[in-house]
Each structure stands twice: as C-alpha cells, then as structure tokens.
Amino acid sequence: MKSLKDEFDRRGVAIVVISFAEPERLAPYQEHHHWPFVMLADPKRIAYQAFALKRLSWFRVFSPAILRLYFRLLLEGKKLQSYGKDDYYQAGGDFLIDHEGNILFAHRSRDPADRPPIEKLLEAIDQISSSASEEK
Amino acid sequence: MEKVAIDELKLKDLQGRAVSLQDYFQEYLLVIFLRHLA
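Protein sequence lines, in the order shown, are assigned to chains A and B.
For the first sequence, the tail end lands on 140 under the working numbering, and the numbers increase by one without skipping.
For the second sequence, the tail end lands on 855 under the working numbering, and the numbers increase by one without skipping.
Be aware that one or more of the hints could be misleading.
Stated by the list, open to error - The calculated BS3-like cross-link candidates involving lysine-lysine, where the alpha carbons are at most 25 Å apart (straight line), are:
hint, chain 1, residue 1, chain 2, residue 2
1, A, Lys58, A, Lys140
2, B, Lys829, A, Lys58
3, A, Lys58, B, Lys820
4, A, Lys9, B, Lys829
5, A, Lys48, B, Lys820
6, B, Lys827, A, Lys48
7, A, Lys58, B, Lys827
8, A, Lys124, A, Lys58
9, A, Lys124, B, Lys820
10, A, Lys124, A, Lys9
11, A, Lys48, A, Lys58
12, A, Lys82, B, Lys827
13, A, Lys140, B, Lys820
It should be emphasised that the hints constitute simulated quantities derived from the structure, not laboratory data.
Keep in mind the model is a prediction, meaning the values are calculated, not measured.
Let the sequences and hints guide you as you build the complete structure.
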C-alpha cells in the first residue's frame, strides 16, 4: 500500500478517503487497517451529494455477480468486520480534482465492486498532467 | 467540466474537527468515497 501511495505522490497527487461514518467509527477502522491515506468523515453526506453519488438500487447491491464475489471472499477467509451501522446502498466513487474544484476524472460506482483499477487511475493522471504541461 | 465547491463541504477529521479538502492537496487530489466500512 505504501508503494502505491508513492506512485501517486510521485505524480503530485494526494489521496483523501471519505466515509459517511461518524469520526468515532472511522478512528478504529483506520487504526485496524493503517491506510497510508488521510481519512475524513462526511456524516451528513454533503460531499457525497456534491459529487452526485446516489444510492444504489437493491438489484445493484445484491446482484448474482456481487453475491458470488462476497461468497468467494468468504471462501478465501476474508472476514466481515463490524464497525457499527452501515448503509449498503450508498454508492462510492473516485474523483481527481484540482485546487479550483474542477473534476478532472470521475468514476461513480455502479455496484459495490465497481472501482477503477489503479492502473487506469494512474494512466488518467498521467494524461491530465501531460495535457496541463502542454497548455503551459 | 464538472466543478465542486470544495470549500463548502463540511468534512471532519478523525478527531471530529472541521477540515477542508484544500488542506490536503498536492498538485491534485484524489478523493475516494467509500460505500461502507469493511
């Protein structure tokens, strides 16, 4: 995870992870996982709404493909951690923004397993940096 | 291009203090929104 962070640092990209959980629930989560990223809380989901992240439909959350994925993870020994009440219908997402708040890259998850691969994120960042350099 | 008023987002750090995304930038900022804690 640290080397992954280095890849983003090298490109001038800081990473912030946002959850709608209350800060007191996020602290033990961060303590357990030791993510090398800043974690912030958005319990009123103001940022979720600002980035147009909606709630997923029941079918998206519990589709056969997603249930197969969870079943496979359980077979691999992954354990479910409980950090209190969760909302399984809230969509997540990944966004690259600049200082002015311009969204340079957006990926809004269509189902629980839908996240952009790291390679795709790095490729997008490289393209954006390259375009920005040409404009200067 | 989509734009977000990042100064208006009422975020909190793990100690419950109000913070702004502007405090965490390098040249760019990758913002990852979680679905749930797992």
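Hint-by-hint comparison with the structure:
For a cut-off of 25 Å, the pair hint linking A/Lys58 to A/Lys140 is broken: about 36 Å separates their Cα positions. For a cut-off of 25 Å, the pair hint linking B/Lys829 to A/Lys58 stands: about 21 Å separates their Cα positions. The suggested pairing of A/Lys58 with B/Lys820 holds, with an alpha-carbon distance near 17 Å, which does not exceed 25 Å. Between A/Lys9 and B/Lys829 the alpha-carbon distance is near 22 Å, which keeps this suggested pair within the 25 Å criterion.
With a C-alpha separation of about 20 Å, the suggested pair A/Lys48 and B/Lys820 falls inside the 25 Å cut-off, and the hint holds. The hinted pair formed by B/Lys827 and A/Lys48 meets the criterion: a straight-line CA distance of about 8 Å does not exceed 25 Å. About 18 Å separates the Cα atoms of A/Lys58 and B/Lys827, which keeps this hinted pair within 25 Å; it holds. Distance hint between A/Lys124 and A/Lys58 is fulfilled; the C-alpha atoms sit about 23 Å from each other, no more than 25 Å.
Between A/Lys124 and B/Lys820, the direct Cα distance comes to roughly 22 Å. Compliance with the 25 Å bound is thereby established for this hinted pair. Pair hint A/Lys124 plus A/Lys9 holds up; C-alpha atoms about 15 Å apart against a cutoff of 25 Å. Of the pairs offered as hints, the one joining A/Lys48 and A/Lys58 holds, with about 14 Å between alpha carbons and a cut-off of 25 Å not exceeded. Among the hinted pairs, A/Lys82 with B/Lys827 is inconsistent with the structure: their alpha-carbon atoms are about 34 Å apart, more than 25 Å.
A hinted pair counts as satisfied when its Cα atoms are at most 25 Å apart, and A/Lys140 with B/Lys820 qualifies at roughly 21 Å.
Checked against the numbered hints given earlier, this structure breaks hints 1 and 12; the rest are met.
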